[in-house]
Amino acid sequence: MSVVVTPEMIGQVVISGILSGALYAMVALGLALIFGVMRVINIAHGPLLMLGAYVTFFLYSRTGMNPFLTVPLAMAALFVVGVLLQRTLVFRVVDAPELSSLLLTFGISIALVNVAQNLFTSDLRAVEYITGSWSVGGVALSKPRFIAFVFALAVTGAAFLFLKTTRLGKAIRATSQSREVALVCGIDVGRIHMLTFGLASALAAGGGALLAVIVAIQPEMGGVWTFKSFLVIVLGGAGNYPGALLGGLLLGLVEQLASLFLTTQLSEVVAYVLLVLVLLVRPTGLLGGRQT
Amino acid sequence: MTLKGTIALTLVAALAGGSLPAAAQGPIRIGASLSLTGTYAKLGKNQHEGYQLCIKELNAKGGLLGRKLDLVMYDDQSLPPTAVRLYEKLITEDKVDAVMGPYSSPVSEAAANVTEKYKKVMVAPLAATTSIFKKGRKYMFMVISPAEGYLEGLVDMAAKRGLKTVAVVNEDTLFSKAAASGAVELAKKKGLQVVFTEAYPKGNTDFSALLTKLRAANPDVVAAATYFDDAVALTRQMKELNVNPKMYGVTVGGDLPEFYDTLKQNAEYIYGATQWEHTLPYPGNQEFFDTYKKEFAHEPSYHSAAGYAGCLIYAEGVRRAGSLDADKVREALLKLELKTALSPSSGRARRRSPCGPTTSPRARRASRRRPGTHDRTRRGPRRPPPMPPPDQTAGLRRQSRRSKIPAMSETTEP
Numbered sequence: 027m028s029v030v031v032t033p034e035m036i037g038q039v040v041i042s043g044i045l046s047g048a049l050y051a052m053v054a055l056g057l058a059l060i061f062g063v064m065r066v067i068n069i070a071h072g073p074l075l076m077l078g079a080y081v082t083f084f085l086y087s088r089t090g091m092n093p094f095l096t097v098p099l100a101m102a103a104l105f106v107v108g109v110l111l112q113r114t115l116v117f118r119v120v121d122a123p124e125l126s127s128l129l130l131t132f133g134i135s136i137a138l139v140n141v142a143q144n145l146f147t148s149d150l151r152a153v154e155y156i157t158g159s160w161s162v163g164g165v166a167l168s169k170p171r172f173i174a175f176v177f178a179l180a181v182t183g184a185a186f187l188f189l190k191t192t193r194l195g196k197a198i199r200a201t202s203q204s205r206e207v208a209l210v211c212g213i214d215v216g217r218i219h220m221l222t223f224g225l226a227s228a229l230a231a232g233g234g235a236l237l238a239v240i241v242a243i244q245p246e247m248g249g250v251w252t253f254k255s256f257l258v259i260v261l262g263g264a265g266n267y268p269g270a271l272l273g274g275l276l277l278g279l280v281e282q283l284a285s286l287f288l289t290t291q292l293s294e295v296v297a298y299v300l301l302v303l304v305l306l307v308r309p310t311g312l313l314g315g316r317q318t
Numbered sequence: 005m006t007l008k009g010t011i012a013l014t015l016v017a018a019l020a021g022g023s024l025p026a027a028a029q030g031p032i033r034i035g036a037s038l039s040l041t042g043t044y045a046k047l048g049k050n051q052h053e054g055y056q057l058c059i060k061e062l063n064a065k066g067g068l069l070g071r072k073l074d075l076v077m078y079d080d081q082s083l084p085p086t087a088v089r090l091y092e093k094l095i096t097e098d099k100v101d102a103v104m105g106p107y108s109s110p111v112s113e114a115a116a117n118v119t120e121k122y123k124k125v126m127v128a129p130l131a132a133t134t135s136i137f138k139k140g141r142k143y144m145f146m147v148i149s150p151a152e153g154y155l156e157g158l159v160d161m162a163a164k165r166g167l168k169t170v171a172v173v174n175e176d177t178l179f180s181k182a183a184a185s186g187a188v189e190l191a192k193k194k195g196l197q198v199v200f201t202e203a204y205p206k207g208n209t210d211f212s213a214l215l216t217k218l219r220a221a222n223p224d225v226v227a228a229a230t231y232f233d234d235a236v237a238l239t240r241q242m243k244e245l246n247v248n249p250k251m252y253g254v255t256v257g258g259d260l261p262e263f264y265d266t267l268k269q270n271a272e273y274i275y276g277a278t279q280w281e282h283t284l285p286y287p288g289n290q291e292f293f294d295t296y297k298k299e300f301a302h303e304p305s306y307h308s309a310a311g312y313a314g315c316l317i318y319a320e321g322v323r324r325a326g327s328l329d330a331d332k333v334r335e336a337l338l339k340l341e342l343k344t345a346l347s348p349s350s351g352r353a354r355r356r357s358p359c360g361p362t363t364s365p366r367a368r369r370a371s372r373r374r375p376g377t378h379d380r381t382r383r384g385p386r387r388p389p390p391m392p393p394p395d396q397t398a399g400l401r402r403q404s405r406r407s408k409i410p411a412m413s414e415t416t417e418p
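So the sequences go chain by chain: A and B.
Under this note's numbering, the first sequence has 284 at position 258, and the numbering climbs by one with no breaks.
Under this note's numbering, the second sequence has 162 at position 158, and the numbering climbs by one with no breaks.
The hints are simulated quantities; they were obtained by calculation from the structure and are not laboratory data.
Computed from a predicted structure; not experimentally measured.
All clues given are correct.
Result set (BS3-like, lysine-lysine): computed pairs, CA atoms no more than 25 Å apart in a straight line:
#, chain 1, residue 1, chain 2, residue 2
1, B, Lys297, B, Lys65
2, A, Lys169, B, Lys243
3, B, Lys181, B, Lys193
4, B, Lys168, B, Lys192
5, B, Lys250, A, Lys169
6, B, Lys268, A, Lys169
7, B, Lys93, B, Lys121
8, B, Lys298, B, Lys60
9, B, Lys123, B, Lys138
Calculated from the model, a selection of chain B residues having no Cβ within reach of chain A, i.e. all distances over 10 Å:
#, residue
10, Lys65
11, Ala163
12, Arg324
13, Arg334
The beta-carbon is built from N, C-alpha and C at its ideal position, and this holds for glycine as well.
For reference, chain A alone in the conformation it holds in the complex:
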């Protein structure tokens, strides 16, 4: 049974799309960083996001902390986890064929999900901190989603600024452009890899922490985020950081508009058809991928 689409509904859906798109962008930026710097596709990205969500959930439920204030803590915690993962496991596959890195991160992802299932159980958990919405000109603006959107923008902005202006950020970009030259210029590439993985995990965790306030969480929530992030970075151009931002917003909008004009069932189909189209027309992604 269909409903006549009004401009108001389109406005509503565009807002929903932008709100979720910013979150996609933030999480996907982490994946883009790892891919750009190490040429590793991190399948464990989603599960790392899940761990971030649980940090927020437990801090909120045990200490009653404002869940939005737990975002930096979740990011810090997962930064450490990311660095440890890189130090112990991921560095082994940086120069290996891509299949090895896929297998390794796939393994890590299974391990993380199962550890979480055992430690936290599979029960659905939610942070009922803030609900409801503001009404802006007939359009409902969800309170938790809007605050999460602001946080996602802030974190993504800070990450861009960091990459653009700081010495460390430049070193990361240099390593991503050419590892050999970076090495010659005196950049400790091993250390950069470590930091990048930490930073990427922190971005995922930030996304997870924000998600915990928006949706109910469970240990398997991460899987779909790995795929969405991957979709986003391919759309935007693999290893291209502004591309991740564009891809994220685009995916958010396309999903929502497809659900509005078609059905929720078809929105995912439309997102992947878009991916195929982009790959056909611009194989390097919308903003161009990193040259190899």
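Given chain A, put chain B in place with the hints provided.
Frame of chain A, contents of chain B only:
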């Protein structure tokens, strides 16, 4: 050795086997796969605990056929293909003596192909979609009331209150589709106008666009055929998008204490369907509730009760058959009437009784025992569902044998 000798020896062995103490024989191994993780985890876990409690109690009473019972359990992650693999493994590799059903209609539907192939009796306590039991399947038994009736109470109450329009949304899987189509049928019959329907994929977490459309349709009633996870997400996002219908009800999920624990005040004033409540005066029901709560440190849901009852029903079938042989157990189950905590009498239809359209046991049963719909303002004692009278009957039924039964839409039964 002559043939005669062999037979004689076998006979002696059989006789000796019959009189041996239980310990000398291995336990009866009952295999099952349940959704312990994934989107149906909460519900599958309750069913698992129902099985566990049933087996524990049976063992405390000396087991079955003089043998102890043992549960071999796997996790199908709420995925039908995984369940298929696991039932294959249970039957062919683990060589379990019997199987019990998994959680949910979609998973039972998939697993049924395996259990039928190997001619294993499967009591499927949490498969509510009637179509699963048709298709010429011989060894499957249904326990709970059909999916089509889950939203009946909601639509009924809405019609009585003079509400006019209804929107029906559902997860696009077997059970939820059946529940949604049941709701649509009934709504039309009760004179309500169905203004919006849409299905969403399993595991969906973003309902913004769907709810935007739903809000534009402005229904008095929202009837959602959900499981637990999507019920939670849908409810939260309705608040976020200012979707405030006069009545809102879900199928699975709203009956669980965890629904309130997760959603807090947002869980108020939502109708939920249940197949069972602990306040119903069924024999053994209070004992089941108390033991369960003590054993697992939380309240049982209807999934627990159905799992518990399904396991008891199977065990009783084996006891009466005096054997684990699938055909004998099947015959025994077809004749079985059993009182369990889930229902006072499991009035299974006599197999070949002439079932008139309105007097068929299922129709009668159904008219009394619909999944109770009730206000879910938990905290404080749970109110029993308003509709089912205490003499309601329920339970086991075999669909495939009951071809004379009128179609769902003709009897308004659940």
